[in-house]
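Participant: Residues per chain are reported as follows:
There are 2 protein chains.
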Amino acid sequence: MKELKLALLGFGVAGKAFSQILLDRHDAIWEDKGLDVKVTAITTGRSGCLVDPEGIDLARALELMEARGSFQPGDPGYRETDSLTVVREGDYDALIEMTPTNIKNGQPAIDYLTWALERDKHVITANKGPVAFAYGRLKKLAREKGRCFFYETSVMVGTPLFNMAETCLPYCKVKGVRGLLNASCNYFLEELGRGRSFDHIMEEARRAGFLEADPSQDLDGWDAAVKLTALMNVFMNAEMDPARVERTGIRGVTADQAREALARGKKIRLLCQGHMDCEGRPVAVVRPEEIPFDDPLAASDLVACLRLDTDLMGPISIGHHKMEPGQTGYGLFSDLVRLVRHVAETL
Amino acid sequence: MKELKLALLGFGVAGKAFSQILLDRHDAIWEDKGLDVKVTAITTGRSGCLVDPEGIDLARALELMEARGSFQPGDPGYRETDSLTVVREGDYDALIEMTPTNIKNGQPAIDYLTWALERDKHVITANKGPVAFAYGRLKKLAREKGRCFFYETSVMVGTPLFNMAETCLPYCKVKGVRGLLNASCNYFLEELGRGRSFDHIMEEARRAGFLEADPSQDLDGWDAAVKLTALMNVFMNAEMDPARVERTGIRGVTADQAREALARGKKIRLLCQGHMDCEGRPVAVVRPEEIPFDDPLAASDLVACLRLDTDLMGPISIGHHKMEPGQTGYGLFSDLVRLVRHVAETL
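Chains A and B are the protein sequences, given in the same order.
Going by the numbering used here, the residue at position 227 of the first sequence is 227; the numbering climbs one at a time, nothing skipped.
Going by the numbering used here, the residue at position 27 of the second sequence is 27; the numbering climbs one at a time, nothing skipped.
Derived by calculation from the structure, the hints in this document are not laboratory data.
For glycine and all other residues, C-beta sits at the position ideal for the given N, C-alpha and C.
Be a bit skeptical, because a hint or two may be false.
Simulated restraints, written as ranges between beta carbons of each label pair [stated by the list, open to error]: (1) B/E345 - A/E66: 36 to 46 angstroms; (2) B/D111 - A/E118: 39 to 49 angstroms; (3) B/D311 - A/S70: 22 to 32 angstroms; (4) B/Q107 - A/E246: 51 to 61 angstroms; (5) B/E239 - A/E246: 50 to 60 angstroms; (6) B/D311 - A/D36: 23 to 33 angstroms; (7) A/K175 - B/D111: 57 to 67 angstroms; (8) A/E246 - B/P292: 30 to 40 angstroms; (9) B/E260 - A/E246: 19 to 29 angstroms.
DSS-like, lysine-lysine: derived pairs with alpha carbons at most 27 angstroms apart [said to hold, decoys possible]: (10) A/K33 - B/K33; (11) A/K139 - B/K140; (12) A/K38 - A/K145; (13) B/K5 - B/K145; (14) B/K139 - A/K33; (15) B/K145 - B/K2; (16) A/K173 - A/K140; (17) B/K38 - A/K173; (18) B/K175 - A/K33; (19) A/K173 - B/K104; (20) B/K173 - A/K38; (21) A/K33 - B/K38; (22) A/K139 - A/K33; (23) B/K173 - A/K266; (24) A/K266 - B/K140; (25) A/K140 - B/K266; (26) A/K33 - B/K322; (27) B/K145 - B/K38; (28) B/K140 - B/K104; (29) B/K173 - A/K322; (30) A/K173 - A/K145; (31) B/K33 - A/K173; (32) A/K175 - B/K33; (33) A/K104 - A/K139; (34) A/K322 - B/K139; (35) A/K2 - A/K33; (36) B/K139 - B/K38; (37) A/K33 - B/K145; (38) A/K322 - B/K175.
For reference, chain A alone in the conformation it holds in the complex (with noise of 0.2 angstroms):
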């Protein structure tokens, strides 16, 4: 029996959702694929670390770290190591990663994913910092050495966008990209619009926990703009990083100001939006922008929404409307599917 033995950077929401998934699946995957699918190693930044080369219990894992929040000495598999170490010498096929996103800089995702790569393995991102910052690099050494390099829940968690652009459009051309990309800020906006305050509407969603403790990622746009370099990286070869996009965040935008354009029949919104100019130079703006109410980009309904502007299919719009953890976890395992297939027509 063929196996592809896993190593799980990250053991947080999307690492859980997907173990949960890869435990119900399991079975499926075996029966299409004849591919045992195993977890040969979890590492997690201070909860512990587990290594079983033979096939760590899930199950058993997950409710370890339901019940305690972390793994401890004594635990089946627990080993003192760290992320690198188990990147470096571990034993497996392919690495999930899904360490928090540095919007700094991508580190030290990159080198994790670099050094998997180099040692021949798969690799699996859950974290848009690589692929806004590294992405033609990564690519280029997959290439070369003949591994998978997929990135699907990078950006609109797990709705399919990369992998469906690159299956299902084939020799279709994106030649730019629209849309809203950062929830939280849907969210402020929305409620902007009902009159409330910028403050009291943070210290409601720090309560309801649903906002960082530092939330400029989110509301000084860094998120977005991170993400729509990704997609312009992915999608127009573009080779940009998130600094050159022209950034505008969305405190400045006031409760009046929203709901004057609500009577205007428009909603404020960030807006991304990318496409490269007649020299082959990027353009990337992430600023707040009304858009009118016919515009599928103001339906309260959707969490995040892209328009991908085609040559041979014209513009595409894909939408994504509820947030919900095993979203993530989804993303991951479609990409691990895809995974599956490709090891096992090369086996």
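Here the structure of chain A is known, so what remains is to put chain B in place on it, guided by the hints.
Facilitator: For chain B alone, coordinates are given in the frame of chain A:
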């Protein structure tokens, strides 16, 4: 050098657009996959047929059809034959079926596809009829024969839908669909909202040439019902046919109703909804409904839009913005590339 021979049934808007893209990208396919894709037959209902087992000169065929609207005796490859004869006796590896949809029973397209599959040929159809009336049967036959059966263009003109769900949402179940599937109805309802009468809009649409001589397929909801059935057959194995759709067209909608809805912040649209009930029976409804402005389905900018409600990824929406002739051609071409990838792998 390996060849893939295509027989084209139909050489109207779709057939010409498909042929043009095939001409433009032929070399790319050859370089990527080492397959020489050639067209060995083109049949039309009343405009003549071309047959050449060595490969028809597509550029020339396009010129002839552009210039005269038909193939005629003396044209290179001209042959007195018909679609059924070519399907049953012709020399081809894959059938590209682009005949007009028969919304009563899907014939004769179902027979064409069946004959081709029985002869161990791959089949691609742009025709929603076979998918609505005989999906289960054709799929089973294709599986038994180990041949491809693709139909991306049959709903939403090539916007990635069927191929997207199958390749990018693995092990993910579609539990329901909700969307707008008929662009003419959108147009009518939008114009009614501007206060224009039904008859006036009809007259104008006829003059502009984008309404069929018999508009009942669109206005009575038949086209939408056939598409909804196709979606439910593919996504939910519904094994239903269009007669089981609870169907109300838009002829009863008045300009006053459309304007009153607008005043309440809503738009009337011909909404298509389908799911399986708790006993596994398909429930499918096509009828005019009021859609709130902040639902993406109310966007004027979209000619069609579909929400897939999935178990693992939640709801995902896909929108199609502009109707252009090239898109049908591209949808067929994207199916062809999927086929080429499959054939290249199994060589």
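Participant: Decide, hint by hint, whether the structure agrees.
Facilitator: Taking the hints in turn, this is what the structure says about them:
1. At about 41 angstroms, the CB distance of B/E345 to A/E66 agrees with the hint of 36 to 46 angstroms.
2. The hint said 39 to 49 angstroms for the Cβ distance between B/D111 and A/E118, and at roughly 56 angstroms that hint is violated.
3. For B/D311 and A/S70, the hinted distance range of 22 to 32 angstroms is satisfied, since their beta carbons lie about 31 angstroms from each other.
4. Our hint of 51 to 61 angstroms for B/Q107 and A/E246 holds, since their Cβ atoms are close to 57 angstroms apart.
5. Hint check: B/E239 to A/E246, Cβ distance near 53 angstroms, so the stated range 50 to 60 angstroms holds.
6. Look at B/D311 against A/D36: about 24 angstroms separates their beta carbons, and that is inside 23 to 33 angstroms.
7. For the hinted restraint 57 to 67 angstroms between A/K175 and B/D111, the CB-CB distance of approximately 41 angstroms leaves it violated.
8. Between A/E246 and B/P292 the beta carbon distance is about 34 angstroms. The supplied range of 30 to 40 angstroms therefore holds.
9. At about 43 angstroms, the beta-carbon gap between B/E260 and A/E246 misses the expected band of 19 to 29 angstroms.
10. Proposed proximity of A/K33 and B/K33 is supported: the alpha carbons are some 23 angstroms apart, at most 27 angstroms.
11. The straight-line distance between the Cα atoms of A/K139 and B/K140 is roughly 39 angstroms, outside the 27 angstroms bound, and the hint therefore fails.
12. Our distance criterion of 27 angstroms between C-alpha atoms is met by A/K38 and A/K145, whose separation comes to about 23 angstroms.
13. For the given pair, B/K5 sits about 18 angstroms from B/K145 by alpha-carbon distance, which is consistent with the 27 angstroms threshold.
14. Taking the CA atoms of B/K139 and A/K33, the gap is near 20 angstroms; set against the 27 angstroms cutoff, the hint holds.
15. As the CA atoms of B/K145 and B/K2 are separated by approximately 21 angstroms, the hinted pair is consistent with the 27 angstroms bound.
16. The suggested pairing of A/K173 with A/K140 holds, with an alpha-carbon distance near 19 angstroms, which does not exceed 27 angstroms.
17. Between B/K38 and A/K173 the CA atoms are separated by roughly 24 angstroms; this keeps the pair inside 27 angstroms, and the hint holds.
18. With a C-alpha separation of about 25 angstroms, the suggested pair B/K175 and A/K33 falls inside the 27 angstroms cut-off, and the hint holds.
19. In summary, the hint linking A/K173 to B/K104 is not supported, as the alpha carbons are separated by about 38 angstroms, beyond the 27 angstroms threshold.
20. The suggested pairing of B/K173 with A/K38 holds, with an alpha-carbon distance near 24 angstroms, which does not exceed 27 angstroms.
21. The suggested pairing of A/K33 with B/K38 is violated, with an alpha-carbon distance near 33 angstroms, which exceeds 27 angstroms.
22. Note on A/K139 and A/K33: the hinted pairing holds, with a Cα-Cα distance of about 26 angstroms set against a maximum of 27 angstroms.
23. For a cut-off of 27 angstroms, the pair hint linking B/K173 to A/K266 is broken: about 36 angstroms separates their Cα positions.
24. At most 27 angstroms may separate the alpha-carbon atoms for a hinted pair to count; A/K266 and B/K140 exceed this at roughly 50 angstroms.
25. Of the supplied pair hints, the one linking A/K140 and B/K266 is violated, its CA atoms being roughly 50 angstroms apart against a limit of 27 angstroms.
26. Of the supplied pair hints, the one linking A/K33 and B/K322 is violated, its CA atoms being roughly 39 angstroms apart against a limit of 27 angstroms.
27. Annotation: proposed proximity of B/K145 to B/K38 holds, straight-line Cα distance about 23 angstroms (limit 27 angstroms).
28. Using a Cα cut-off of 27 angstroms, the hinted pair B/K140 and B/K104 holds, with the two alpha carbons roughly 22 angstroms apart.
29. Taking the CA atoms of B/K173 and A/K322, the gap is near 17 angstroms; set against the 27 angstroms cutoff, the hint holds.
30. A C-alpha spacing of about 25 angstroms is found between A/K173 and A/K145, which places the hinted pair at or below 27 angstroms, so the restraint holds.
31. Under the criterion of a C-alpha separation no larger than 27 angstroms, the hint pairing B/K33 with A/K173 is consistent with the structure, at around 19 angstroms.
32. Taken as a hint, the A/K175 and B/K33 pair is honoured in the structure, with Cα atoms around 25 angstroms apart against an allowance of 27 angstroms.
33. For the proposed pair A/K104 and A/K139, the alpha carbon gap of about 20 angstroms is at most 27 angstroms, so the pair holds.
34. At roughly 33 angstroms between alpha-carbon atoms, A/K322 and B/K139 are farther apart than 27 angstroms, so this suggested pair is violated.
35. A distance of roughly 10 angstroms separates the Cα atoms of A/K2 and A/K33; the hinted pair therefore holds under the 27 angstroms criterion.
36. The suggested pairing of B/K139 with B/K38 holds, with an alpha-carbon distance near 25 angstroms, which does not exceed 27 angstroms.
37. With a C-alpha separation of about 20 angstroms, the suggested pair A/K33 and B/K145 falls inside the 27 angstroms cut-off, and the hint holds.
38. In summary, the hint linking A/K322 to B/K175 is supported, as the alpha carbons are separated by about 16 angstroms, within the 27 angstroms threshold.
Checked against the numbered hints above, the structure violates hints 2, 7, 9, 11, 19, 21, 23, 24, 25, 26, 34; every other hint is satisfied.
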